[in-house]
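For the record, the sequence lines run as chains A and B.
The opening residue of the first sequence carries number 22 in our numbering; numbering runs sequentially from there.
The opening residue of the second sequence carries number 25 in our numbering; numbering runs sequentially from there.
Note that these hints are calculated values from the structure, not bench results.
Here a beta-carbon is modelled for each residue, glycine too, at the ideal position from N, C-alpha and C.
There could be a bad hint or two in this list.
[Said to hold, decoys possible] With the C-beta cut set under 10 angstroms, the calculated list includes, among others, these residues of chain B facing chain A: (1) 310; (2) 506; (3) 507; (4) 540.
[Unchecked claim] From the derived model, a few chain A residues whose C-beta atoms are all more than 10 angstroms from chain B: (5) 40; (6) 232; (7) 342.
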Amino acid sequence: MARMGAVDVALWGMRIGVVLVVVVGTIGTLIKGRYTAAQWFDFVMFGLTIGSIYAQIALGYTMVYGVLRLINFAHGDIVMTGAFAGYFVAAPLDRSGFLQNHPVPGMVAILVVAIATSTTIALLTERIAYRPFRRVVGLAPLICAIGVSFFLEQTFRGAFGSAVKSYPSPEWQRASFNVIGFNVPGIDVLVIGLALLFMLVLYLVVQRTRMGKAMRAVAEDGEAAALMGIDVNKVVVFTFTLGGVMAGIAGVFYAFVYKQVYFFMGFTPGIKAFGAAVLGGIGSIPGAMLGGFFLGLVESVGPSLFLDGIGIPAPYQLRDLIAFTLLIMVLIFRPQGILGERMAKKRA
Amino acid sequence: MSGVHTPPGLAAPIHPILRRAVLTGLAFGAGAVHLTVVGVVLMLHQRWIVVGTLSLGEATLLAIAAGAGAMAAANAGTAAGARIMLGLLAGAVAAAPLAALAVLIDLVSLRAIFIALSPDLLAMLTLGLGPATGIALLIAGGAGAGLLGAALQQSPRAVIRAVLPGATAVVVAGVFQELIQLMLQQYEGVVNDVRAFLYSWEGLNPAGAITIFAVTALLGEAVGLRRRRRPAHAPPRDPRRARMMRAGIALLVLAVLPAFAGSYIGQVLMLVGLYILMGMGLNLEIGLAGLLDLGFVAFFAVGAYTTALLTTESAHALLHLSYWLAMPVAVLLSILVGVLFGLPVLGVRGDYLAVATLGLGEIVRVIVQSDFAAPLLGGAQGILEIPKPRIGPYVLGSPVALFYVTLAAAGVAAFVAWRLENSRLGRAWMALRDDEDVAQALGINLIQCKLLAYGLGAAFAGLAGSIFATMLTSVYPSSFQLLISINVLALIIVGGMGSLPGVVLGAVALIGLPELLREFGEYRYLFYGAVLIVMMRLRPEGLWPSDVRQRELHARDETLALDAGSDPLPVQPR
C-alpha cells in the first residue's frame with residue numbers, strides 16, 4: 022500500500038471531493054429550502070419507479086454475468102427491442118380506444134408481445150454471437166457484445182426509422198391517488214407494483230425450481246456443475262430467457278414512464294443498470310434489485326439534493342452525471358458491491 | 025427446389041448433406057432479409073454498377089446467394105457435380121425468404137411498421153414484373169447465383185484468380201464511376217477517350233464492364249502465371265518486406281492522390297487521416313497495453329475544445345493564439361486529461377475497465393452539454409468562428425491543404441508510435457497486456473506504465489481533435505458522441521490490434537469507403553457492429569495483424585485446444 026502513495030492520494034481526493042459535494046450540497050439545498058415536501062415526494066416516487074425498472078434490467082446483467090462471466094453489453098438494447106415491440110401493439114390499441122377501455126387485457130397484450138420479442142432476440146444473440154465465445158478469454162467476448170449492441174440498435178433504426186415515437190399514454194395512466202396529502206401517480210404505483218411482483222416470481226424461480234438450482238450451480242462453478250451432469254447450454258439458454266423476459270417488461274415500463282421509444286433508448290439505462298448490478302454485487306439477484314432501486318433514487322433525488330445546493334444551474338441536466346459518477350465510484354472502490362463478496366474473490 | 029438428383033449409391037449419407045445445404049441457404053437468406061428490412065438493399069439499389077443492367081443492391085443479393093452456394097459446395101463431401109447442385113439448392117433456398125418477404129409486401133402493406141418495405145422495394149425484388157413472374161425469377165436468380173458460386177468454389181485456382189479480381193474491378197469501376205470519371209476528365213486525349221468508351225454520362229457501360237472484367241482477369245492471370253514460373257529453388261520472398269512494400273505504395277498513393285483528385289477526396293482522406301491518428305492513440309491503449317478504453321472520445325473532445333477556446337474569434341475565446349501555438353497546448357492538455365482519466369481506473373481491470381472508461385467519457389459529454397459549463401464551453405450551441413490555420417500569408421483553408429497538415433501530423437505520430445512500440449515502454453505495455461500480475465512481478469511499474477498509456481494515447485486523440493476543430497471551424501458537443509470511440513475501436517479491431525499498418529487499413533476501410541459511398545450514411549454503424557462480431561469470431565487478430573500478435577493468437581489457439589482452463593490471461597478464466 023505504501024508504494025501507491027500518489028495514486029492513493031488522488032483516489033482519496035476523489036472520495037473526499039464526492040463526499041464534500043454531497044454533504045455541502047445537501048446542507049445548502051436544505052438551508053435554501055427551495056423544494057417543498059411534495060416536490061421531494063415526487064422525486065422519491067420517480068426515483069423508485071425508475072429504480073424498479075433499473076432493477077429489472079440489472080437482473081439480466083447480473084444473471085448472465087453470474088453464469089457466463091460476460092458483460093452482456095447489448096442487454097440495454099434488448100430492453101429497447103421490447104419497448105419497440107410493445108409500441109407496435111400499444112399504438113393501434115390506443116388509437117382504437119381499446120387500451121383506454123380495457124386496460125388489463127391491453128397491457129397484457131403489450132407485455133406479452135414485448136416479452137416474446139425481447140426474449141427471442143436475447144436468445145438469438147446468445148446463440149449467434151455469444152455461444153462461440155464460451156471458452157474464449159480476454160477482451161474478445163466483450164468487444165463482440167459491443168458489436169451486438171450496435172448491430173441491434175442500427176437494425177432497429179433501419180427497420181423502424183430514427184425518429185422518436187411517442188408512446189401512447191391512456192388516461193387511466195395519468196390518474197393519481199392522494200395518500201396522506203401526497204400526490205401518488207397511478208403509473209408509478211403500477212410500474213413499481215408489477216416490477217416487484219415480477220421480480221418476486223423471478224426470485225422464486227431461481228430459488229425454488231430445479232432449473233434455478235442448476236443455474237445457481239453453474240454460477241458457483243461451471244465446470245463442477247457440468248461434471249455433476251448439468252447441461253450448461255440449457256442453463257445458459259434459461260438464463261438468457263429470464264433476462265429477456267425481464268428486459269421486455271422493463272422496456273415497456275420505461276417507455277410508458279418516459280412516453281417515447283427510439284433506437285438508442287436502451288443504451289444509457291443499460292449502462293446504468295449494469296452499474297446497479299455491480300453496486301448490488303454482480304451475480305447476486307437481491308443485490309441487483311437493491312442496486313437498481315438505490316441508483317434510481319440517487320439519480321432522481323441527487324440533482325436537486327446535491328447539486329442545487331452548491332449553486333449549479335439546471336442541475337437536472339446533470340442527472341446522468343450523478344448516475345455515471347456512482348457507477349465509476351462503485352467500479353473503482355467497491356467492485357464487489359454491497360452483497361457480492363463471493364464474486365469479489367473470483368475477480369481478484 | 026427439388027432440382028437435386030440423389031445419386032443411387034449415396035442415398036443414405038446424402039440426407040444430412042442436403043440438410044446442411046438447406047441450412048446454409050437459410051442462414052444466408054436470413055442475412056439477405058435482414059439487409060432488406062433495414063433498408064440497406066434498397067439504398068444500394070440506388071447506385072448502378074452497370075447502368076441499366078445491374079445495381080449494387082442487386083449485386084449484393086446475388087453475392088449473398090453465390091456465397092451460400094459456395095459455402096454449401098465447400099462443406100459437402102460428395103462428387104464435384106453433386107456439390108455444384110448443392111450450391112444451386114443453397115442459392116435457391118437463400119432466395120426463398122426474400123421471395124416470401126416479397127409475397128408478404130404484395131399482400132399487406134407493412135410500411136406503417138417497417139419503413140423500408142416500400143413498393144419500390146417490391147419492384148426491385150420482382151424486377152417490376154409483377155409478383156408471380158418476379159418471384160419465380162427471384163428464386164431462379166438465387167439458384168443461378170448459388171450455382172455460379174458453387175462452380176467458382178469448385179473451379180481450379182487459375183479461374184478464381186481471374187474471375188475474382190475481374191469482378192472486383194467491375195464493381196469498383198461502376199460504384200465509384202463519378203469519382204473516376206471526374207478524375208479522368210481532367211486529362212485530354214487518350215485518357216478521356218478511354219473514359220468515354222467505358223462510361224456513359226450515368227455510369228459504367230455494359231461494354232465497359234466487359235472490357236474492364238476481361239482486362240483485369242487477364243492481368244490477374246498473368247500475375248499468377250509469373251509467380252508460378254519463378255524457379256522453385258529461388259529463395260522465398262520475405263513476406264515482411266513484401267508487406268512493407270505494399271504499405272509504402274499504399275501510403276504514397278494516399279499522400280499523392282488528393283493533390284490530383286480534388287477537394288472531395290481530400291476531405292474524405294483528411295477524415296481518414298484523423299481517424300488514423302486516433303486509431304494509433306487507442307492502439308497504444310488497447311493494442312499494446314490491453315486497456316479497453318471506451319471513453320476515448322473524451323480526449324478528442326479535449327483537443328478540439330482546447331483549440332477552439334484558444335483560437336476562436338468569438339466571445340468564448342480565452343486567448344487569441346495562432347493555431348500552431350494552440351495545437352501543442354491542446355496536445356499537452358489532452359495528455360494531462362489522459363493521466364487524470366487513467367488515475368482513478370488504475371486498479372480496474374478487463375471488462376470493468378471498459379465500462380468505467382465509458383462512464384468517464386459520458387461524464388465528459390454530459391458536462392460539456394450542460395448549462396453548468398455553458399459559460400466556458402458554449403453548451404449545446406458550441407463554439408464557432410475558429411479560424412483556419414495559416415502559414416505566413418497563406419491560409420490553409422482548403423480540405424487538401426488541411427489534409428496535408430493531417431498527413432504530416434499522422435506521419436510524426438506514426439513515427440512516435442512505431443518507436444514506442446519497440447521501446448522499453450512498449451515491451452512493458454505488452455507484458456502488461458498479457459498478464460498484469462506477472463508484469464508487476466517482473467518489476468514493471470504498473471502505475472507509470474498505465475498512466476503513460478492513457479496519456480500518450482490521449483495525445484494522439486488530442487492532436488486529432490485539434491485538427492478536427494479547425495477543419496469544421498466550430499465545435500459542438502454532439503460531435504463527441506460515444507460513436508466516435510466505437511468507430512475507432514472498430515477500425516483497430518479490423519486492422520489488427522497492435523498493428524500500425526492495420527490502423528491505416530482499418531481507417532481506409534471503415535471511414536474512407538462509407539464516406540465515398542455517401543448514401544451509406546448512418547448504415548455504416550450497422551456495418552461496424554457486424555464487423556466487430558464477425559472479426560472477433562473469425563479473425564480476432566485483424567486483417568493486418570502485428571507479427572507478435574499473430575504468433576500469440578495462434579499459439580493461444582493451440583493451448584486453448586489443449587486445455588481451456590489453464591490459460592494464463594488477465595481477465596477471468598473461463
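Is the interface hint for residue 310(B) satisfied, with its Cβ closer than 10 angstroms to some Cβ of chain A? holds (8 angstroms)
Given residue 506(B) as an interface hint, is its Cβ closer than 10 angstroms to any Cβ of chain A? holds (8 angstroms)
Is the claim that residue 40(A) lies outside the interface with chain B correct, judged by CB distances over 10 angstroms? holds (15 angstroms)
Can you verify the interface hint for residue 540(B): is its Cβ closer than 10 angstroms to any Cβ in chain A? Check failed: Cβ of residue 540(B) comes no nearer than 20 angstroms to chain A, outside 10 angstroms.
Does residue 232(A) sit more than 10 angstroms from chain B, CB to CB? It holds; residue 232(A) is separated from chain B by about 21 angstroms at its closest Cβ, greater than 10 angstroms.
Is the Cβ of residue 342(A) more than 10 angstroms away from each Cβ in chain B? The assertion about residue 342(A) is violated, with a minimum of 5 angstroms to chain B.
With 10 angstroms as the cut and Cβ atoms as the points, is residue 507(B) at the interface with chain A? holds (9 angstroms)
Comparing the model with each earlier hint shows violations of hints 4, 7; every other hint is respected.
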